[in-house]
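Two chains, each in its own frame: build the complex with the hints.
Each protein sequence line maps, in turn, to chains A and B. Residue numbers 1 to 652, in our numbering, belong to the letters of the first sequence in order. Residue numbers 1001 to 1238, in our numbering, belong to the letters of the second sequence in order.
Honestly, the hints are just simulated from the structure, not real lab data. Yeah, the Cβ is synthetic: ideal placement off N, Cα and C, and Gly gets one too. Incorrect hints may appear among the rest.
[What the hints assert, rightly or not] Partial selection, computed: residues in chain B whose CB lies under 8 Å from chain A:
(1) Phe1040
(2) Gln1061
(3) Thr1070
(4) Val1071
(5) Ile1151
(6) Thr1196
[What the hints assert, rightly or not] Just a few of them, taken from the derived set where beta-carbon distance is under 8 Å, the chain B residues facing chain A:
(7) Ala1029
(8) Gln1030
(9) Val1032
(10) Ser1037
(11) Leu1043
(12) Leu1047
(13) Phe1054
(14) Leu1076
(15) Met1094
(16) Gln1128
(17) Val1130
(18) Ser1152
(19) Ile1204
[To be verified] Listed below are the simulated EDC-like cross-link pairs for lysine to aspartate or glutamate, each with C-alpha atoms no more than 20 Å apart in a straight line:
(20) A/Lys615 / A/Asp197
(21) B/Lys1090 / A/Asp197
(22) B/Lys1090 / A/Glu190
(23) A/Lys224 / A/Asp588
(24) B/Lys1090 / A/Glu191
(25) B/Lys1090 / A/Glu193
(26) A/Lys615 / A/Glu193
(27) A/Lys243 / A/Glu367
Okay, here's what each chain looks like letter by letter:
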Amino acid sequence: MSSPAPRGAAGPSGLPSSTSSPSPPAARDNATAATPQRANAPPGQTANADEGPGQDMDDGEDQPCQSCGAFPARFQCSACQSVRYCSQECQASDWRIHYRECAEIVAALKEEQQDSEAGRVQSGEGVGLDRDSNLRASPRRPSEGSRTITNGPLDEEAENVRATANRPRRRPREPRRRPQLTPEQRAAYEEAERIADMKFYMLQIYKIIKPVVVCIVLSIVWVKISLGGSDYRPTQSSYTVFKETPTSTVSQNILGSLANAGIIIGQIVIVTIIIVVLFKRGHIKVLIGFFMVVVAMLLGFMGYILLLNLIQVMRIPLDYVTMVFALWNFSVVGLISVFWKGPMWLQQVYLTVMSSLMAFSLTGLAEWTTWMLLALLVVWDLIAVLCPFGPLKILVESSRNQNQEVPALLYTVNAVWFMASPPNAILNRDANAMKEAADSEELRLDEDIHNRSAFNGSYSRAIGRDGGASISSSRNSDLEPSFNMADGMSGRSSTVALVPGPGHANMEDRDNIEMRERSSPRDRHGDGAGGRHTSTRQGRSSEQGRSVDGDTQHGDEDDEDDDGGGLKLGLGDFVFYSVLIARAAMFDWVTTICCTVAVLTGMNATIFLLAIYQKALPALPISICFGMLFYFATRFALVPFLAVLGPSQVFI
Amino acid sequence: MTLLTFFGCALTAYGPSLAIFFGCIAPNAQLVILMVSSAFFWLLSLLLASAIWFMAKSSQQTFTSTIIYTVLLQELFRWFLFHLISRAEKGLNMVAHHPTSKFNRSGYAFAAGLGFGLMFGIISFITQLVQSLGPGVLMCASCPSISLYFISALTTSLLILHHCAWMMISFTGFTLRSYARILWVILTHYGASYLTLLNASKTISYGCAYSLAANAALLIASVIIVVADVRNLHYKSS
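Only chain B is shown next, with the shape it has when bound in the complex (with noise of 0.2 Å):
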């Protein structure tokens, strides 16, 4: 049992965005370098978070209080970013493939996004999926007939093409100054995260279920604003 819900899980969690970045971003040398960047600045981001947890002595067994700074700091990272690219767009576009599309910036975000998602992914669940090795099961606290590694998984997965649907939409609105998507990204980032909360609720029976679907439910509402954005961005365009 332990290998194959190593597998699983790890296929689970990372495959869809494994995916995605061995066809989309890694033949692309900018794009690879791009996410390694952006990977850099989530991480600085969980830092600062965590430095301030540490420090946060009485609250630190306060999850919702956690969350506020964390999502906070990572939205404010993601505005850094989005200067720095924008700053080095110009390069960038350069030495793009093809210097003059409009969709280069949807591809640097996308890439971004990538970055930010892939690291979330690893930090937050590599710990669980090493532990799924080993020779017993945890299992989820709301519902206990599945384990808490699938259902971190899952989670995970979701999380991760999150990040990237945030990254381009608030790409969009920042270049845009268009605050509605700005605070769409911030809202659901703290929406999706409050969600997981229920994983572990004691009070609601099948209250991951709950977070999962709700969570899906917001990525696809996520996906659809982008989708409607670049298609905007290509009927301006031509």
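If we strip away everything but chain A, and leave its shape as in the complex, we get (with noise of 0.2 Å):
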């Protein structure tokens, strides 16, 4: 994640369109690492202060990493500059004690600075300081304009950061010059990408699983509950036209489950094949308007039906007023904090009901019916993804192309499971890094009002996430803006005060143009893949809309990643995985468990793959295969032997 950002210090020129172009990459990190660390750290701390200034280290090669002594340490904290680590994890980890020292260090910066700009000025600080905000004024109007639109609740506290914060954030940075690079630090700048890249995969299998396994275990929740006795379970789609009895025969059921599923998956076909179409044409705004549909028929028709169900099953007395009133909240709140703003978590809680309510609504359609369209989805998946003329690559391949903004939207979708995952140790960082996340937005503001007003319309839609922007869509800039906010704020909160080494500034051009074009293609594919999947699924769900059938788009999925921003994982991968184990769960717990963790494995094994071919992939097809065969092979054979094991109490 952080050996990214670097790429986004040569950010603006290679984005063709300005729509949220990373121009001040650097101030911007830094403002956003700064402010954090300086809330966090207890004011009356006089520790290494004099360390402050002049620990411009450059290169990093003849400084170990601070918490665990690698080399090299190609990451250095963005506020005080003065420590290095060789990865995020050991920032964190060292961030305890690095805090308040760090606070110091800045302060101390801080101080520097502004004498320097007083002696310059030549009246004070006064002075200085006002002539300062003057500057700062007009542009500054409308950036709190925005703000006041975007991010109402932060703002004061932004201010307040503001306030102290500019100062040393607004730092002129002096370019530095880099040392040529010998072969063997070359080498082992490679070794510590590599490395980098590993960590990354990890902890993006990390933060993927979570969101997995509680959207698994809220559908497995829901068939449990509707399996209590209720009249209300979702039924048979209207689509289908075969439909399954005790009576009828393998082959009857073979053949009619194939043409239920067909039918089914001919729709989704339809529908991504219509919302490639309508993207590159630029229809967003349509696209958009799907979504919004499907999200709230979804949220509001099928949480209707599972409310019922509860209500049902546990025996709930509600009258109908009260009903719709929290359904009515609870569908808007959904829309709201999807389409346009709202906290992370509530975001990220919304996506993964709403993954469950469509699988719990995929759960109607009859066994063999369900077996048959995971299976033809697996070979959908495969087709649309890796084909050259796959239509999610194509779709991949035109939101690379067109670099467009509102696809974001789309993405946004999907990008912000990952980015919810709070970084484990830091959680408590995050409040002020979102804060800082608006602040610095301001100050990029100031800085180039243009790039601003560009900027805005996503802005918007994407405040939490805007940190990340400015980190990710540095980093890759060619994907889309928005997308990467969200990206990147994932990444963005578990790194908040790194900036990677080479990020800081532009000056290490060099090194940044590199890695960017190492990892271009990947960032193309993953990023524009992912993205794009997702909203493909969505697009398609909403196509569908209400469930049955549908849409369940299918996954296509891919997890993607690039360095900074993110693994992607499509709302259809989650839908698809929750929908094999829901019908798992119809039949067994031990099925259920088995099919759970055959499913986590199968992710697994894709994120690795991802990590060697490092391009688009499909998430399904590893993951429903397995899930699949233990899926029979423990129906058939170890539900029985636990049978005849359990009461005998034997355990083996």
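Next comes the structure, spelled out in structure tokens:
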């Protein structure tokens, strides 16, 4: 994650349209990083203040990682720039120790800078301040306006922070010279890159496992509740032509379910293609409209069905007025938080709940149809993502070429997932980070209003993610900005204080460029693909709207990742994993657990493959194949086996 | 009684291992991934075992023969897992918090063991656990005054910890090519499994008590070996 930031440094040039051009990435990064630290730091500390200035060390080849002592320590604390780490994790673990000293250093830096500024202006501190604020006044207005719209509550804090934070942030950075790299150093860099990559993937898996597990667990819960004697189980869709009955023969079942699944898949394919076409033509608003309708239907309608189930099974007395009121609030809040803005956790919660609702609605399909559908989806997923003319692939590519900001919306749907996972140790920093993000945004504004205006649109939507935006967008300059934003956030929250060493300013351009080149194919695939796919999926769903059949988009998925951006797993994957497991949950607990483990392992395997191939991959095939294999093996061999062992209390 | 039984048994069976999981494993992404993979391996071994059981129609009710190949398969997969992990070890170490620590392998072994153990615990006990929600109670055959669910919960809890210890011992054994350790693991695994046959024994009264006590003793012995190994590692290296 950190490695990408450097790429950002060169970002603006690479970005054709200025949608979110990340132009002053360095400043932004610093700002974002700096604020939380300051906020966290206890005011009274006086530790190594003198260490602060003059600590600009350059390449870090000579300085070991502060936390583990490893070389090369290529990332440095963005706020004080005095310590280096080999990875974000190291920084995170060291933060507990470092934050005080960091605050001191930053304070010292600020002082130093004020002094110099004062000197320059010749009228001392007070005037310096004034001048500063004047200068800034005009640019700031617009930004503030936008901020109010976008993130009201954070405003004040941001304001406060700004008072203290402005200066150091704006400290002019002198470009640093990079020494020529020797081959060994280069090798060391590459090695470090690899390690960083691996760590990144590992963390991504970890972050992704959590929402997937939550989604799966929710679907299991819904299924178990609805099996508890409810009259409101989801039913077969009216699209299906064949109804399974206990008396139908195997061949009838197979043919009939094949027909059913074929119809559903056909819908998915058509919707996907429509979405690709719409996207290519730039009818983004239509797409967004779709998605909103779908999400509203899903939350409202499926929420209603689920609520009926809960009420009946749990025997909850509830009148209609209350229920309608609750349901209305539930879905409207969901719409707002998914499509406009909302706390990150809320978005995540909604996305998880939406996926599980979708999966729940698909449990209405008959058993054979479900399996057939999953099998066909695997095939479709492979085709759509990997074939040269696969629709999802095209979507990815066109998104890359068009470099549009709007798809970002689609993306965000997807990207929110990941970002959500708050970095372990740093939870409390998050809030600050957010604030900071806002703040930094503003700063950036000051500096370049132009960009800003372009940026605003997305900004408002993505507020929480802004900070990330800076990082990630800068990182992958050719990707969609807002998308990145979302992503970045995840990275960002975990890295709050870190700015990758090279990212630091423009100083390390050369390096950045190299990196960028190296990673760009991946980015493309990754980001683009991921986002797109997701969006596609989403789109599909929207079309189909009500559930049952359809929509689900199939998954395409891809998980992808770009260095900084984060892995993306389409919502469709969540849905179909959950469908498989919900189906297993309708049979037995042991099968449920086995399928869950199989699906998670398949997902891990996919992500490892992703790390190897570094391009968009379909996430469904491995997981679903494992899941189906385990389902049948468990059902026909393991469950009877355990049924014999269990009552005799034999443990093997 | 039903909910009480359920929660009592669930926490007895999974409490210790879940505490270990959330305390030691969950904060570390690497170990979590390792654990999921090892759970998958255990599941594979059990699926193979159940396939054999499924085909061996005539011996489906003779547990003594069932245990033979089930345990053997588990040990085999433990060995596979060891090979997999040692192949990936370089990469794993690179991403570890302390890339050069000698205790990394012990950590991996522990996480893998917990994966085996938790999967074992869930698969073998969850059906009974869910049944314990029902209105009735089954009594343990050898100790008619205690419910079957509770005895099973205790056994599960012990065996999960056993799996952690076994995995660590056998990793040391495989690394050092120490056949004594490998043999110990295999023997105690068989021992622990055969001891659980006492639970349902109708001829030996208090069979479940013997089984639990003996299992606990085996566990303690294994833990002593683990501790000794880790200390050795520590002294040798420092």
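Cross-check of the supplied hints:
The beta carbon of phenylalanine 1040 of chain B is positioned within 8 Å of a beta carbon in chain A (closest approach about 4 Å), and the interface hint is therefore held. At a threshold of 8 Å, the smallest CB-CB gap from glutamine 1061 of chain B to chain A is about 7 Å, leaving the interface hint in force. Hint status for threonine 1070 of chain B: holds, given a least beta-carbon distance of 4 Å to chain A, under 8 Å. The restraint placing valine 1071 of chain B at the interface with chain A holds, with a minimum CB-CB distance near 7 Å, inside the 8 Å limit.
Annotation: isoleucine 1151 of chain B was flagged as interfacial toward chain A, and the flag holds, the nearest CB pair being 7 Å apart, inside 8 Å. With a cut of 8 Å, the hint placing threonine 1196 of chain B at the interface with chain A holds, because the nearest CB-to-CB distance is about 4 Å. Checking alanine 1029 of chain B against chain A: minimum C-beta separation of about 3 Å stays under 8 Å; hint holds. Of the supplied interface hints, the one on glutamine 1030 of chain B holds, with its beta-carbon coming within about 6 Å of a beta-carbon of chain A, less than 8 Å.
Annotation: valine 1032 of chain B was flagged as interfacial toward chain A, and the flag holds, the nearest CB pair being 6 Å apart, inside 8 Å. With its C-beta approaching chain A no nearer than about 6 Å, serine 1037 of chain B sits inside the 8 Å limit, and its interface hint holds. Interface hint at leucine 1043 of chain B: satisfied, since its Cβ lies 6 Å from the closest Cβ of chain A, which is below the 8 Å cut-off. The beta carbon of leucine 1047 of chain B comes within 5 Å of a beta carbon in chain A, closer than 8 Å, and the hint placing it at the interface holds.
Here the hint on phenylalanine 1054 of chain B is kept, as its CB sits about 4 Å from the closest CB of chain A, short of 8 Å. Checking leucine 1076 of chain B against chain A by beta carbon gives a least distance of about 14 Å; that is not within 8 Å, so the hint is violated. With 8 Å as the threshold, the beta carbon of methionine 1094 of chain B comes within range of chain A, its nearest partner Cβ sitting at about 5 Å, so the hint holds. Using the Cβ-Cβ criterion of 8 Å, the hint placing glutamine 1128 of chain B at the interface with chain A is satisfied: the shortest such distance is roughly 6 Å.
For valine 1130 of chain B, the interface hint holds, since its Cβ comes within 8 Å of a Cβ in chain A; the closest pair sits about 6 Å apart. The criterion of a C-beta within 8 Å of any C-beta in chain A is met by serine 1152 of chain B, whose closest approach is roughly 6 Å, and the hint holds. Using the Cβ-Cβ criterion of 8 Å, the hint placing isoleucine 1204 of chain B at the interface with chain A is not satisfied: the shortest such distance is roughly 13 Å. Distance check on the hinted pair: lysine 615 of chain A and aspartate 197 of chain A sit about 14 Å apart at the alpha-carbon level, within 20 Å; holds.
For a cut-off of 20 Å, the pair hint linking lysine 1090 of chain B to aspartate 197 of chain A stands: about 15 Å separates their Cα positions. Taking the CA atoms of lysine 1090 of chain B and glutamate 190 of chain A, the gap is about 16 Å. The hint holds against a cut of 20 Å. The suggested pairing of lysine 224 of chain A with aspartate 588 of chain A holds, with an alpha-carbon distance near 10 Å, which does not exceed 20 Å. About 13 Å separates the Cα atoms of lysine 1090 of chain B and glutamate 191 of chain A, which keeps this hinted pair within 20 Å; it holds.
A C-alpha spacing of about 15 Å is found between lysine 1090 of chain B and glutamate 193 of chain A, which places the hinted pair at or below 20 Å, so the restraint holds. This hinted pair checks out: lysine 615 of chain A and glutamate 193 of chain A have alpha carbons roughly 17 Å apart, not beyond 20 Å. A threshold of 20 Å between alpha carbons decides the hint, and for lysine 243 of chain A with glutamate 367 of chain A the separation of about 10 Å falls inside it, so the pair holds.
The structure shown violates the earlier hints numbered 14, 19.
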